[in-house]
Amino acid sequence: MRRWVFPAVLVLALLGLGYLLRPKGHAFYGTRLLNPKPVDFTLEGPSGPVRLSEMPGKAVLLFFGFTRCPDVCPTTLLALKRAYERLTPEERARVQVVFVSVDPERDTPEDADRYAKAFNEAFIGLSGNLEAVREAAQTFGVFYQKSQYRGPQDYLVDHTATTFVVQDGKLVLLYSPDKVEATDKVVADLRALL
Amino acid sequence: MRKLGWFLLGLLGVALAQDALVGVKVAGGWVRFPARPDMTAAFLALENQSEKPFRLVGVKSEVAERVEVHETFQEMRDGKMVMGMRPVASLEVPPGGRLELRPGGYHLMLIGLKRPLQVGEKVKLVLVFQGGLRLPVDLPVEMR
Ligand SMILES: [Cu+2]
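Note that the protein sequences, when read in sequence, are chains H and D.
Position 119 of the first sequence, counted from 1, bears residue number 129 in my numbering, the numbering being contiguous throughout.
Position 130 of the second sequence, counted from 1, bears residue number 1343 in my numbering, the numbering being contiguous throughout.
Isolated chain H (complex conformation) (with noise of 0.2 Å):
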């Protein structure tokens, strides 16, 4: 009998090891990043400069786009407001959604804010000079370029679609275009971040 003692208080051992160990909390949808990366920039908005690293305490969801993009930004910033205004006010009150031009030469600091606050009066958008726009999207990776030229006002920009989300100074988060669009799972994401 006691030969049975010793397996049977093993099994109950690594399982309760296992209990212990499994998994908790959140997987989350976007790709989390393993060594969240310091960020920060100062662009214009309509009512003068901001700084990314001035919205403290909350998750800032940042997007690059131009404002003579009827496809790419809208489809991302309209997945952006669903998730947003699945949120509590609470809970809104915690996130910023921030629109970035990536073609600040048409567009002022006003017609990206504009822009923005068409999707949602809550959203902001930030142009600036085209240095400061360089450096904001390469800090975070963002490729852009113009196409389709035939003059300084009839062009197209080609660009980096990344969602990205900044918390506490850091880039923690990030959805490509198509993941962006799954609204439940960028909510659930949202909440477990809060």
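These are computed hints drawn from the structure, not numbers from a lab.
One or more of the hints may lead you astray.
To be verified - Heads up, simulated PhoX-like pairs for lysine-lysine below, C-alpha to C-alpha not over 20 Å straight-line:
| hint | chain 1 | residue 1 | chain 2 | residue 2 |
| --- | --- | --- | --- | --- |
| 1 | H | Lys-68 | H | Lys-156 |
| 2 | H | Lys-189 | D | Lys-1293 |
| 3 | H | Lys-156 | H | Lys-180 |
| 4 | H | Lys-195 | H | Lys-91 |
| 5 | D | Lys-1293 | H | Lys-47 |
| 6 | H | Lys-156 | D | Lys-1273 |
| 7 | D | Lys-1337 | D | Lys-1273 |
| 8 | D | Lys-1238 | D | Lys-1337 |
| 9 | D | Lys-1337 | D | Lys-1327 |
Just so we're clear, the structure is a prediction, and the values are computed from it rather than from any experiment.
Using the hints provided, position chain D with the ligand relative to the given structure of chain H.
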């Protein structure tokens, strides 16, 4: 009651005859509510119910200075994923086939909007096919 039945059958007949006559039809579509007042995109599906291909070669709209057929693409540049769009000269709807214009794929670019568009209103577009067929369509403005 029987008269109504014949009347409806008649209407159906007219509708079928028109589709048969044209051979291609628009199956749903919408104009995206413009986030900036001077341009937007429209999306729709085309169904070819005939045995010959149809080729969309142009689009006109009373609300836009010009309409371009565009394709959204995704490619690596500089080691980074980039999205963009480029005009396409024409689009073929194969015999018995369906062609969908949707976000992230083909779309119609309405450039130089002449007036603000309201959610819910209908916008008139005319699809021009190779051979001269002009297919008018009314698409609702939607925030999606
Ligand atoms: Cu386009």
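Going through the earlier hints one by one, which of them does the structure break, listed in rising order? 1, 3, 6
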